[in-house]
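For the protein sequence lines, the chains are B and Y, in the order given. For the first sequence, counting from 1, position 2 maps to 1 in numbering that gives the first Met the number 0; every step adds exactly one. For the second sequence, counting from 1, position 430 maps to 429 in numbering that gives the first Met the number 0; every step adds exactly one.
Hints were generated in silico from the structure; no laboratory data involved. A couple of the hints might just be wrong.
[As the list claims (entries may be wrong)] Rough simulated footprint, nothing fancy, chain Y against chain B, three-plus residues with beta-carbon under 8 Å:
(1) 171-180
(2) 183-196
[Said to hold, decoys possible] DSS-like mimics (lysine-lysine), calculated; alpha carbons at most 27 Å apart, straight line:
(3) Lys138(Y) with Lys305(Y)
(4) Lys185(B) with Lys222(Y)
(5) Lys4(Y) with Lys305(Y)
(6) Lys138(Y) with Lys185(B)
(7) Lys305(Y) with Lys185(B)
(8) Lys476(Y) with Lys279(Y)
(9) Lys100(Y) with Lys17(Y)
(10) Lys100(Y) with Lys74(Y)
(11) Lys4(Y) with Lys100(Y)
(12) Lys314(Y) with Lys185(B)
(13) Lys222(Y) with Lys186(Y)
(14) Lys185(B) with Lys386(Y)
(15) Lys138(Y) with Lys108(B)
(16) Lys279(Y) with Lys382(Y)
(17) Lys74(Y) with Lys190(Y)
(18) Lys382(Y) with Lys232(Y)
(19) Lys185(B) with Lys382(Y)
(20) Lys186(Y) with Lys138(Y)
(21) Lys185(B) with Lys371(Y)
(22) Lys262(Y) with Lys314(Y)
(23) Lys4(Y) with Lys17(Y)
(24) Lys279(Y) with Lys9(Y)
(25) Lys305(Y) with Lys108(B)
(26) Lys213(Y) with Lys279(Y)
(27) Lys67(Y) with Lys190(Y)
(28) Lys4(B) with Lys222(Y)
(29) Lys9(Y) with Lys67(Y)
(30) Lys305(Y) with Lys470(Y)
(31) Lys184(Y) with Lys222(Y)
(32) Lys62(Y) with Lys190(Y)
It should be emphasised that the depicted structure is a prediction, and the values quoted were computed from it without experimental measurement. Ideal Cβ placement from N, Cα and C applies to all residues, glycine included.
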Amino acid sequence: MKNVKRFIPYIGLFIIIFTFSLITSGRILRIANLKLIFNQAIVLMIGCIGVTFVMCQGSLDLSQGSLLGFVVAIAAVFAARHTALAFPFALLTGILVGLTSGLLFAYLKIPSFIVTLCMLFILRGLTVIITKSGSIPIPFSMMGLDNYALKVPILLAIITISVYSFNYTRIGKHLRAIGSGETAAKFSGVPVDRMKLLAFVIAGLLCGICGFLSLIRTGAADSKTGLLFEIDILTALVVGGMPLTGGSNAKIQSAIIGALILTILTNGMVLVGVKTELQQTIKGLVFLGAVYLSFEREDIAFIK
Amino acid sequence: MFEVKNISKKFINTRALKNVEFHLEEGEIRGLVGENGSGKSTLVSIIAGIFQADTGSMIKDGKPYHPKSRLEANKEKVSIIVQEQGTIDGLTVTANLFLGKEREFTRHGVVQTKDMTNEAVSVLSRYGIDHIDPYGFIKELSFEDRKLLEFAKALHVDPDILIIDETTTALSHGGRGILFSELVKLKEENKSVIFITHDLSEVFDYCDNVSVMKDGEIIGTEKTSDIDERMLKEMMVGRELQHSYYREDFETNITDEIVIEVKNLTHSTDLSEVSFTLRKGEILGIGGLTDCGMHTLGRLLFGLDKADSGEIRYKFTNMPVRNHIQAIRAGIAYLPKNRDQQSIMLMSSVRDNLCLPSLEKMQRITFISPRKERQLAEQGAAKLNVKMDSIDQYCLYLSGGNKQKVALSKWLIMDSEVFILDCPTRGIDVAVKASIYQLIQILKQSRKSIIMISEELQELIGMSDRIIILKNGRIKKIFERSEHLSEEKIIHYMI
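Chain Y with its partners taken away, still in its complex shape (with noise of 0.2 Å):
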């Protein structure tokens, strides 16, 4: 019903596809994985008039079927939810779904505003997100509910294929539960879905197919019927995996010294009376529903928000900790969540990245050494294996996995003694998440401290020596490290 044939497409210094085929049936869901870099999002760019291909055709229902843009590819009845942000901030919601649409709304040459409203509050309700005000601009809004409502803008277009490019790292259990069942509808309706995404027990749940790529082709595709998690992952990665993917021992082994203790932390609407202690040497996994108020937690523990009431005590140092800058000085490593805003600048090298929080330690007295920063820097990229061109390369210009790295490294240069990691594993793929979790493994090794906030229960269980559960702002329940811990024992706490 919908064929790629030997398409290819170059970008300015890199190959991102080779001669790819790709078939879909109707009513088929078609997860589509690999490593970052691999080409997935080229690919359904292309099939969704973003870019054009090079070379090679597209045939969609028996015809040729090769869109310039995006709202040509709507007219085909294809429409795509893309990876990044695809709202315009500073528009309505009526008018971001509407977008390039207005036509349909015109009569005498005017946009009939409240027509177009009428429709968006329709639309809204039929895929059940009738909680964004149609008057609200999108920067009022979450990135969660921006996101759904790109969802409600592809599947208006009533898409014959949908495309979802890694959307659902961005949404919380319920915008998930929303945009699955969508997709059971489409399917049941005999529409086809290809569907992109890093969680693999995603694509065993939804797709009947799964097609790997690497390094701009396409090395397989199958049914997931008869394969498992751990064979997929093997042909993503393209070798056999060690076992260590996440820790193995279940012995916690930490010390009693306590690095940070935290006393009846409470903050707005987000925490409330929250209380534990870090200790040397501990992973301390902290899990629960993204407005649980565990990322704010790591925001106040940097120093980067001041608390209501409550206080934190950071015994690991001497120095005053009152906000994040004498947060770093004192040893204190952040990595947030939102990695192209927060901690990677785009536009400078790998170099400027690296050596950015480490300049005051470098100067001597004013002087910053191009040298010292060029031997830290490289120093930096080769502890993680950064894959780069030179250090002067622009961050721009790293596939997502590497651009996790240099955000990572930039604190083992520094040389922290708490590593505050909010999502480390976010939208990577397998293998940079192995080398994470290594990474990880080694710094409790060497006595570092490490908090772990995340939304994925398995890498809790598998890496924190203790896991704290965060349920509307309190502690719920927390879990030691256990063989027998299971998500199913730990989600009932969390909703």
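Looking at chain B on its own, in the form it has when it is part of the complex (with noise of 0.2 Å):
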């Protein structure tokens, strides 16, 4: 049965393609339409990769949407001043962020789901004072910067480095250890408090990095960028199978095929022409199937 579960969001995959491609008639792969939803899914993807390293450890971060939108604003204020300045102060931002979270989470001992909780408020009343409830249009000349030729390599890498260090190093290993048994994870010698901020900040680096993709994109900063990403981040590693209390059987694939399951949904109700509040509510149902299909009771019940 442990074996049928950990395919379960592969065949969610193929079912959502395959369904789809009937409904539409082949539509929802043609190549236009294949390289939409590689736009749309890059974002959401990195985002749940950096997530993935918070959650393996068994704990939450709420703030991912709010951050998006205040790197966002950061850049497109640095960007008009020098347009080579957007792209590191996006960066700068994500990880000072990430820091600061990861330094109350895991040294002042207040659980990340507060935090985080709390970095969301502070962070979006911040982005709103920045883009004074409007926009901040970014130069014309960066929104060329929005190609496959740089987008394709940055996801490549992001997925290379964050696989290698999550399955053959010590990062990944001693992350997963936290979120099986945090105190046995300290009596083997793991450095508990170190690598939880080391989570926090990846969260927030590969969130600074969202944020410059999704400004070259849409073109300008505003006040609602990001609005939701935490709980679509959330939604996507779920339905990816990752598992909310953390653990050995964490998996950087639960955030690249939970992104892509949730993007091809969203992307195959348009094409189908499905009302918006409607997109929601189906949203809604196979987050909850997924659950309950994936979800391990037994071994919740044994962990108590």
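Dock chain to chain to rebuild the complex, using the hints, since each chain is given by itself in its own frame.
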């Protein structure tokens, strides 16, 4: 049974592609639409990968949406001075916010749920102030960066590095150990606090990249940029098979598959012409179904 | 008076009970012993309504008895103290005591908290544990007090049959005293007790009869007056025991080389002015009552806590040891007392558990080879003969003894120099105990140094080159290894 569960996300992805191919008589698989899916999925996927590092050690990150908005706003402000400043400041902002959340969580021992919930409000508030409740456009020349020659290598590099560090280095192994049993991990030599901090810095850094990619695509920072992004990330991760408790079953694949499922589902529903209101409802049902099918109830009962 | 007929129970992959027959007389205290995973807990869980049997039946006082929950069992006057924690952290002592019985205190649809608390006070004092505050929260209580509270809760049901599942390991001498005096009272009232323990001397001291379980079956029931401890052990293991359960030699045979030197170590109220040395190739036993400070000493030596004053010199290494991470790097292994929370990640594979401390040594620049991990894990599991399906199996599904083997093995493959073992044989069966004692001897022979913190005097006497007895945080007495050392001689210095 366990082995079947592991493949549920893949089966789900296949079913969604297959169903929409039938309904749209193949339109979903046309090159133009695949490009659209790529552009829609890339930001979500990178965000999901970042949060994987946080969730695998048993924490939550609810601040991603507001962080994305904040990064985009800061980057837009600096882009107005010089276009070359946008990328480094996007990264820096992501890292600093991740560092702050991580310090509050790991060293002041405030639960991650609370820390990132507060960050959600703080950063959204700051974003509204920076954008003066409106939007900040970026120089037109920057929009040219929104091309596949830049975005495909970035995504591939992020996937490669994160799969490597997650599966083949101490970072991933230590983080999953914390998720499996914090005290036992500590007593076996895992520097628990430092690793927790690192997880949030990684999530912040990747959200910084998300912010930059999202800015060059939309061409402006808006006070509403990134709204509900954190919910999309959590949904995608759980649909992709990420255990809510973290631990040894966490995988980077969950981020990739989950982001694809969510993006293709949304894209397909638009193609078919499902009303926006109904789309939300369907997303909710899919989420519920995914949790029902893949949740390890038995194991949870054991953990208590 | 109580009968279990032909009961079987299967879990997902394993058959836990096979056609078990069990009779219990009124006024009988029945010991139930067997290796970890032999089915003792499953059997009593079925009797107590926690699990339901797949097949078979039970009869109590001539009537069919098939409880669907613990509360239903309580109504039929059967109660249990479970092996794991049976209390709920976020609730008060009173709320825990009357969990599921709130209706008895309800008037006009409202639970009368005051009545409940009054009743709690009288229950606590009736069983001699009135130092527990009825308003206090469970998480503020020590593990022992939680267990005693569960005991009071189980007795409050006024049970015809009381089941105690391996509870005494969690209790100090005082706590055990309370427990055993209540058992004697129950017997006088013609009530029955099923008593699971790994401490065989308790079986002979308190039980009328003892049943031995192995692989989900009861393989024999004997009067305790008819057999001795050795015969019982042999029944449990299913073969004749070799003589070498403990060490047999009485030459200490230690080098003069000092490995760790402790000077005037003082830590809050737990330890004061403790000084001693550990030498290369020595097994140093540390004993005393649970709260004598010996567990704190283990934590301090491993670098988990900072001492208030005094110093620990790690002479076997040039590396600094200021915290537990540096301690591990320098070659100190630590086996904590609380296995499932502190030394094993239950929801991780045997491989992940075994390799965790060695990851740093294993990596090339940053890369950790999965092949190397697998090799190391397989070596580690083989060293102590861990019984498992594969190294990918979750530790959750291993028996207690095998989990302990994993917890020890991860330090063996680290090739540590100093082993700090806090209650290494707590709650594990005779066979695994024997293999752990054997391992400790092998470590000694290969010139490793071992600090064995233990609440069991027998194993301290049986294994140690020297025994330090702590009392109220001070060194009360140091015993050298000798044939003439007995529990009576030592216990005098503990209390």
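Straight-line Cα separation of Lys279(Y) and Lys9(Y) no greater than 27 Å? Outside the cut-off at roughly 49 Å; violated.
Restraint check for Lys185(B) with Lys382(Y), where alpha carbons must lie at most 27 Å apart: Judged against 27 Å, a Cα distance of about 24 Å means the pair holds.
Taking 27 Å as the top limit, are the C-alpha atoms of Lys138(Y) and Lys108(B) close enough? The hint holds at about 18 Å.
Taken at face value, is the distance from the CA of Lys382(Y) to the CA of Lys279(Y) at most 27 Å? holds, 22 Å
For the pair we were handed, Lys476(Y) and Lys279(Y), check the Cα-Cα distance against 27 Å. holds, 21 Å
Does the alpha-carbon distance linking Lys184(Y) and Lys222(Y) stay inside the 27 Å limit? holds, 21 Å
Would the pair Lys305(Y) and Lys470(Y) pass a check requiring their Cα atoms to be no farther apart than 27 Å? Distance of about 21 Å is within 27 Å: holds.
Is Lys138(Y) close enough to Lys305(Y), meaning Cα to Cα at most 27 Å? Holds, because 24 Å separates the two Cα atoms, which is no more than 27 Å.
Given the hint that Lys100(Y) pairs with Lys17(Y), does the C-alpha gap stay at or below 27 Å? Distance ~34 Å between Lys100(Y) and Lys17(Y) Cα, so the pair is violated.
Pair hint outcome, Lys4(B) versus Lys222(Y) [Cα-Cα no greater than 27 Å]: violated, 50 Å
Holds or violated: are the alpha carbons of Lys213(Y) and Lys279(Y) at most 27 Å from each other? Not satisfied, since the Cα-Cα distance of roughly 40 Å exceeds 27 Å.
If you draw a straight line from the CA of Lys67(Y) to the CA of Lys190(Y), is it 27 Å or shorter? Roughly 22 Å between the alpha carbons, so the hint for Lys67(Y) and Lys190(Y) holds.
Violated hints, listed in ascending order, are 4, 5, 9, 11, 20, 24, 26, 28; each of the other numbered hints is respected by the structure.
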